[in-house]
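Visitor: Full structure from sequences and hints, please.
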Amino acid sequence: MTTVEGATPKAGRENRRAIPVGCGTHGGPRGFTNLVVERKPNGEIVLDPHVTGMCVIIFDEAAARALFDVLGTWLR
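Read in order, the letters of the sequence shown correspond to residues 1 to 76 in the numbering used here.
In short, the hints are calculated from the structure, not lab data.
Treat the hints with care, since some could be wrong.
What the hints assert, rightly or not - Quick list of the computed label-pair ranges, beta carbon to beta carbon:
no., residue 1, residue 2, range
1, 27, 65, 29 to 37 Å
2, 70, 18, 20 to 28 Å
3, 61, 29, 30 to 38 Å
4, 29, 63, 27 to 35 Å
5, 75, 24, 17 to 25 Å
6, 57, 32, 18 to 26 Å
7, 43, 70, 13 to 21 Å
8, 65, 41, 12 to 20 Å
9, 73, 43, 21 to 29 Å
What the hints assert, rightly or not - Under the rule of at most 16 Å between Cα atoms (straight-line distance), these lysine to aspartate or glutamate pairs were calculated in the EDC-like manner:
no., residue 1, residue 2
10, 40, 14
11, 40, 61
12, 40, 60
The model shown is predicted, which means the values in this text are computed figures rather than measured ones.
Beta carbons: idealized from backbone N, C-alpha and C, even for Gly.
Guide: Pasting the structure below:
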């Protein structure tokens, strides 16, 4: 198993959160899968589905703000 460089198992509570979500690939009820969201010291935001570090999504600040804006629009 190879861990992607963006994943950080040493993250602490101040910069890491787990959000219960569902997984379309593996199934299971909503809330069955944990999505770890971490803020790196360089400002990047890392999403780690399944908390394995195998496939992470890394946002720079501009991409994170764009996602924030989209979610804010959809959740109004």
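Visitor: Are the hints correct? Go through all of them and say.
Guide: Tested hints:
{"no.": "1", "hint": "27 / 65: 29 to 37 Å", "in the structure": "holds, 32 Å"}
{"no.": "2", "hint": "70 / 18: 20 to 28 Å", "in the structure": "holds, 22 Å"}
{"no.": "3", "hint": "61 / 29: 30 to 38 Å", "in the structure": "holds, 34 Å"}
{"no.": "4", "hint": "29 / 63: 27 to 35 Å", "in the structure": "holds, 30 Å"}
{"no.": "5", "hint": "75 / 24: 17 to 25 Å", "in the structure": "holds, 20 Å"}
{"no.": "6", "hint": "57 / 32: 18 to 26 Å", "in the structure": "holds, 19 Å"}
{"no.": "7", "hint": "43 / 70: 13 to 21 Å", "in the structure": "holds, 19 Å"}
{"no.": "8", "hint": "65 / 41: 12 to 20 Å", "in the structure": "holds, 18 Å"}
{"no.": "9", "hint": "73 / 43: 21 to 29 Å", "in the structure": "holds, 23 Å"}
{"no.": "10", "hint": "40 / 14", "in the structure": "holds, 11 Å"}
{"no.": "11", "hint": "40 / 61", "in the structure": "holds, 11 Å"}
{"no.": "12", "hint": "40 / 60", "in the structure": "holds, 10 Å"}
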